[in-house]
Amino acid sequence: MHFFVAMICSIVGGSVYQLQEAPSQLVKVTNDGSFKSHLVWSPDGKKLLFTRIHQGKMELCTVKAEKSAEVVALVVPSPNTPHFDGHWSPDGKSIVYVHDILQGTDGKLQINEVSADGTGAKILIPHKAFEESPRYSPDGKHLAWVSTRDGNQEIYSIELANQKVQRLTQDQGFDNNPNWKPDGSRIVFASSRFGNFEICSMKKDGTGVLRLTNDSAMDVWPVYSPDGKAIAFTSNRTGSYNIFVMNEDGSGVRNITNNKSINNFAAWSPDGKSIAFISNHQGSYEVYIKSILQGRRME
Amino acid sequence: MLGLHWADLLKARAIAGSANGTAKVNGSAKSVIFIWLWGGPAQLDTFDPKPNAPAEFRGPFSTIQTRSPGVRYSELFPKLASRSDQFSLIRSMHSQSNDHGVAGTVGLTGSIAGAVGLDGKPKAGQARPTTGSIVAKVRKLDSGLPSFMVVGGKLHQGKKAIIGEGGGFLGASCDPFRIVYDQMHGMRIPALELGQGLTPERLEDRKKLNTAISDASRKLDSKGFSHSWGEHMDQAFALLMRPEARSLFDLSLEPASVRDQYGRTRFGQSCLLARRLVEKGIPFVQVNWSDHVEAEEDAGDGGWDHHYRNFQIMIDRHGPWLDHSLSALFDDLKNRGLLDSTLVVAVGEFGRTPKINDKAGRDHWEHCYSALIAGGGIKPGMVIGTSDARAERPSSRPCTPGDLAATIHQAIGITSEQSQTLGITVDGEPIAELF
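Residue numbers (this note's numbering), protein chains in the order written: chain A, 308 to 606; chain B, 1248 to 1682.
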């Protein structure tokens, strides 16, 4: 088997992030031809959760994380209205998602929680404004999400036990696509506060914002690696959408898909050995898994 | 110029043109591909960005340089930006209504006459034939192939089909022949859907065909369908009895690489079918991006009516899909030598509010929007008209859907005599700078 080692040319504080890839290890998971988005790995690493637009319906689906697996639609209450952008709870027993209550040519978004088998749905965040991108904290006690309840897209956190809501960002720009660091200390997100979308991170209370990318192109959908030392994200800086990986401080940016198609929605496997993403590089939008044999900051 | 007869306008322009040598009456286009972006794309997030506008207007996207000096697009359209010398852009479109139903009729017929909006009240006057029907009437094919085809389902606002997708007073024979692509079944012909799910592939089996025809006829009789529907089914069956006609719709005859180049979305594959149709001489092909305006629920790719989630949808879906598929269409037409003879127009019924609403969306805005126009003898690389600092209103050279319809007529060479004979009036005039 042919492997190569790609050394990311960045040295920050005496350390280098090294990424070892196996280019032949690209697994095509789905093959149903439908558009897909919002990809998340289950905590046990066995399944992937995503949104699919299929026969005119937007729905949550799961698939085993293996070659040519069968896509299974998650049957939730009110399945005929759009439900999308799901995220697994840390114990894998629940899924949070956006439920779109259609009204004429408009819709109302709310955040629901449902058991992983699709039963027992309840409203976690009632519709107040645009509510989207719910993400459990690693300890399962908080939920970060995006809302326009104060005017434009900002990131909020809710303590699930007492429903206490905290606004984490306050900026004229759009702040969205939140994702927790595995140790729960920080949240990475996309922000347009610098002119267009860049990747930023902040402490879980919203302070200590760091700008991690600085590019004239769009950088979105960031997600931490399981060890918290790297971040994968989508950028159109090559003229098409590709998946990039960088150190958590923004150094060492590397294109891991590197094609002229649309590659989006990176999801790191719980063991850190693979990145799943959605790509149309073979025609339709399908789920792929790419092996990352080693991804760690080298001292 | 509203209300003036199109033929008179053409005649006047011809006289003026002959004096200064700039205008042409008869265009060189043999076919038209009319791409209908149903729901209304946002002008600021596509081809008329305003990077210096306040944040609540400009949105989150940066701009990119195109091949046209000084012209910038939203960063979501890099492929089209690198091909901007192949088409022209109108940045000063404006319409008469912010109701999808009414603006849809205006966009498709060039006139508000007979339009019906959400209030259910028809606007004064008889609905005009849609542009495709007029072309079909003038350019009727001897081959028996339909002269006007729509790729995509019927256009709806809510559950009501809108006025203006048909032949109107020109008669049902000028209504479009409709074919629909979906990823589950490939190409479908709605006129045959009472016939046991017929597909072009199934028609290879004559026995099954005869059975299906009998079944369909019985169902038709029992349901009391009108004569005009029967005409459509007759036309559909007659067409599909001919192998060469059936092969027209069979995208599996295209190399997989070409299908991939267009994108495996409904819109992408519909654009590919449009190319196949104009290649065979169909004079007017309309590609409907979606059947409904809403982005979330649609048998197609979801419409452009982004009252909420506009920016996320633009990033994840509509931006790259339009960029990818329309660029592929331009490339394919050019490589096959078809672009000079095929007019391509891409436009919606209106634009979207420059000021972003409180749902990360933009609402309806008929006062200013953009259109792309290419090929068929149109000068490429031009920008017609400008909008003001926030893309709220045209600031120069305002253009209407009537002007766009008149431009299509001129490009495909509909003469004043033909217009007069048909009794056709267009509420606008050709955009002379494009010729």
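Since the hints were made in silico from the structure, they are not lab data.
Values in this document were obtained by computation on a predicted structure and should not be read as measured data.
All C-beta atoms, glycine included, are put in the ideal place defined by N, C-alpha and C.
One should not assume that every hint holds.
Derived SDA-like pairs: lysine to any residue, alpha-carbon spacing no greater than 25 Å straight-line [said to hold, decoys possible]:
1) A/K371 with B/R1493
2) A/K364 with A/D351
3) A/K374 with B/K1401
4) B/K1407 with B/D1366
5) A/K335 with A/K580
6) B/K1326 with A/A524
7) A/K567 with B/T1310
8) A/K536 with A/A436
9) A/K567 with B/Q1430
10) A/K580 with A/A376
11) A/K364 with B/K1626
12) B/K1326 with B/M1629
13) A/K511 with A/K567
14) A/K354 with A/S344
15) B/K1602 with A/K335
16) A/K567 with B/S1504
17) B/K1401 with A/G399
18) B/K1407 with A/G590
19) B/K1326 with A/G340
20) A/K335 with A/K364
21) B/K1602 with A/A436
22) A/K364 with B/K1407
23) A/K415 with A/D457
24) B/K1326 with B/K1626
25) A/K371 with A/G399
26) A/K567 with B/Q1333
Derived CB-CB ranges, DEER-like [unchecked claim]:
27) A/K429 with B/D1605: 35 to 45 Å
28) A/G515 with B/S1329: 47 to 57 Å
29) A/K400 with B/D1429: 52 to 62 Å
30) B/M1431 with A/N566: 47 to 57 Å
31) A/K471 with B/P1298: 22 to 32 Å
To see whether the hints hold, each was checked on the structure:
{"no.": "1", "hint": "A/K371 with B/R1493", "result": "violated (39 Å)"}
{"no.": "2", "hint": "A/K364 with A/D351", "result": "violated (28 Å)"}
{"no.": "3", "hint": "A/K374 with B/K1401", "result": "violated (38 Å)"}
{"no.": "4", "hint": "B/K1407 with B/D1366", "result": "holds (12 Å)"}
{"no.": "5", "hint": "A/K335 with A/K580", "result": "holds (16 Å)"}
{"no.": "6", "hint": "B/K1326 with A/A524", "result": "holds (14 Å)"}
{"no.": "7", "hint": "A/K567 with B/T1310", "result": "holds (20 Å)"}
{"no.": "8", "hint": "A/K536 with A/A436", "result": "violated (34 Å)"}
{"no.": "9", "hint": "A/K567 with B/Q1430", "result": "holds (23 Å)"}
{"no.": "10", "hint": "A/K580 with A/A376", "result": "holds (19 Å)"}
{"no.": "11", "hint": "A/K364 with B/K1626", "result": "violated (41 Å)"}
{"no.": "12", "hint": "B/K1326 with B/M1629", "result": "holds (17 Å)"}
{"no.": "13", "hint": "A/K511 with A/K567", "result": "violated (36 Å)"}
{"no.": "14", "hint": "A/K354 with A/S344", "result": "holds (15 Å)"}
{"no.": "15", "hint": "B/K1602 with A/K335", "result": "violated (42 Å)"}
{"no.": "16", "hint": "A/K567 with B/S1504", "result": "holds (14 Å)"}
{"no.": "17", "hint": "B/K1401 with A/G399", "result": "violated (43 Å)"}
{"no.": "18", "hint": "B/K1407 with A/G590", "result": "violated (34 Å)"}
{"no.": "19", "hint": "B/K1326 with A/G340", "result": "holds (23 Å)"}
{"no.": "20", "hint": "A/K335 with A/K364", "result": "holds (23 Å)"}
{"no.": "21", "hint": "B/K1602 with A/A436", "result": "holds (17 Å)"}
{"no.": "22", "hint": "A/K364 with B/K1407", "result": "holds (20 Å)"}
{"no.": "23", "hint": "A/K415 with A/D457", "result": "holds (16 Å)"}
{"no.": "24", "hint": "B/K1326 with B/K1626", "result": "holds (20 Å)"}
{"no.": "25", "hint": "A/K371 with A/G399", "result": "holds (14 Å)"}
{"no.": "26", "hint": "A/K567 with B/Q1333", "result": "holds (21 Å)"}
{"no.": "27", "hint": "A/K429 with B/D1605: 35 to 45 Å", "result": "violated (26 Å)"}
{"no.": "28", "hint": "A/G515 with B/S1329: 47 to 57 Å", "result": "violated (40 Å)"}
{"no.": "29", "hint": "A/K400 with B/D1429: 52 to 62 Å", "result": "violated (36 Å)"}
{"no.": "30", "hint": "B/M1431 with A/N566: 47 to 57 Å", "result": "violated (27 Å)"}
{"no.": "31", "hint": "A/K471 with B/P1298: 22 to 32 Å", "result": "violated (39 Å)"}
Hint violations for this structure: numbers 1, 2, 3, 8, 11, 13, 15, 17, 18, 27, 28, 29, 30 and 31, all remaining hints satisfied.
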